[in-house]
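K.L.:
One-letter residues, chain by chain:
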Amino acid sequence: MILVRAPLRISFVGGGTDLPDFYHRYPGRVISATIDKFIYVLINHIPHTKKVIVKYTSTEAVDSPFQLSHTRVKATLCDLGIMRDIEIGSFADISAKAGLGSSSSFSVALLKGLNAFLGKNLNKQEVAEAACRLEIDVLKEPIGKQDQYAAAFGGFNIFQFNPDDSVEVKPVLLSHDKIEALHNNLLLFFTGITRPASSILNEQRNNIPDKFNILKEMADSVFEFEKYLLGGDFESAGKLLDNGWQKKKSLASKISNNVFNSLYETGLKAGAWGGKILGAGGGGCMLFMTPLDKKENIKKAIINLARKENMSGFEELPFKFTECGVDIVYRDDR
Amino acid sequence: MFIATTVDMEKYITNFFNEINSHLKLVSPVEIAKGLKILGATYERDGRIYVIGNGGSLAIARHFVGDLNKTVFSRHLDKKIKRFQAIALPTTDSELTAWANDIGYDMVFAGPLKNYIQETDTLVAISASGNSPNIIKAVKVAKEFGIPVIALTGFDGGKLLPLADAKIFVSTEKGKYEIVESIHEIICHLITKYFQELISNRI
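Listed in order, the protein sequences are those of chains A and B. Per the working numbering, the very first residue in the first sequence carries number -16; after that it's consecutive. Per the working numbering, the very first residue in the second sequence carries number 5; after that it's consecutive.
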């Protein structure tokens, strides 16, 4: 049995510049950090059953991976030539489609685990590349590359997506006291609304030629955000977050909506420096950068409004940052 | 006469301090920071940290293990918190002599490392020359297994430096053990202090 976990992530600035239609023309950049919420993939060898069993929100037991409905597991098993006698289960600390990159964290954990099952040890770069290949090249999902890299590497990083399709990783070496301070200045909410990223990302991709200059500014502002983090200037970082969010909203029509806009404005009116919706938009999580002394008031104001709007799943999502990327946390098949 | 001797000794002592200082300044903070991140991640996933070295470096390795396991948590020994799992290899003299006598001295670390190693772990290799065959053998075991390696080296970094994920390197002429080992000890204390504060912050 092999148990692998990969973390979810919060992306701060630069989301959307990791789409090929953009980074083929200008280097895309994203700054993100992983949090202590994980996707777990468990891989079990079940000899003599001649079955492929996959357990997620539903359970599939089939004779061949070609019969699976779970597209990622199906494509991966077929690609790696694993045809039977295997059981795969997945577990998550947070429900899927929360805007925290969970679907790519799943792919990263799955590929790390299945390769280990075959006796092959993929390093962080290799597993990130393999997950990108699976999701973008094989399954033709309209997504970018930032989540696969964030989940594989772990910690605070800047990822640069080069026009030649290579990806550079620059760790942001924040000391523990800065990380703690940043954490204290952040508020994370789960909106209770989940959505697939695809439709928004498709529209966003089609808009890239028109919005090229905005995306370019977003990619360039990543280093500015890093500078504020390293200097502990969370007010400037928060304002840059707000600036990035205003730009991002303009990239596709469904990234935000009236309810999200009024939640966001309520946060700012109560004193937040900035914030954003995490992920492609349309639902998922909301992040705010707040002054310490106003944090409780901001939290109250936002939750009150969400209650008024009957958003029953809306709640604060407590988290910590983690240095861990994808890890095999247990195996007994040596 | 009396005064002249004192001045002469003072100069000798100051020269040594200056030499340490000039080499200390050249150690890359980025590589130490990478080492801290690797150790932090290992702690978070409850992995083990193996520390190896020969001679003076063995003394540093054992001291570092003690600091990670005990000193980091000194202010909170009565609290129920996850601790570091640092291990000096080999863990017994009988294993050391068994591997050295039966197989060869180059296996004294690689051999015992294979007993413990898991995907969640990290290896810290301390070698002034970076060329000790027993250190390189253990590092290769770690790399083949896919766990991170933090190197503390000196001189020209030797074979160890290019193999490491965090390359903590005290660049000196060959044979300057006193400079390299002194600075390695300082860096181990820096790491200890960093985690002492990290743990206190979290409680």
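These are computed hints drawn from the structure, not numbers from a lab. Any given hint could turn out to be false.
Calculated lysine to any residue pairs in the SDA-like style (CA-CA distance at most 25 angstroms, straight line) [stated by the list, open to error]:
#1 A:Lys103 - B:Ile140
#2 B:Lys147 - A:Tyr211
#3 A:Lys153 - A:Tyr211
#4 A:Lys161 - B:Ile140
#5 A:Lys303 - B:Asn73
#6 B:Lys118 - A:Lys303
#7 B:Lys118 - B:Phe77
#8 A:Lys303 - B:Thr95
K.L.:
If a hint holds in the structure, say so; if it doesn't, say that too.
P.N.:
Verification of the hints:
no., hint, in the structure
1, A:Lys103 - B:Ile140, "holds, 22 angstroms"
2, B:Lys147 - A:Tyr211, "violated, 36 angstroms"
3, A:Lys153 - A:Tyr211, "holds, 16 angstroms"
4, A:Lys161 - B:Ile140, "violated, 36 angstroms"
5, A:Lys303 - B:Asn73, "holds, 23 angstroms"
6, B:Lys118 - A:Lys303, "violated, 33 angstroms"
7, B:Lys118 - B:Phe77, "violated, 28 angstroms"
8, A:Lys303 - B:Thr95, "violated, 35 angstroms"
The structure does not agree with the numbered hints 2, 4, 6, 7, 8 stated previously, though it agrees with the rest.
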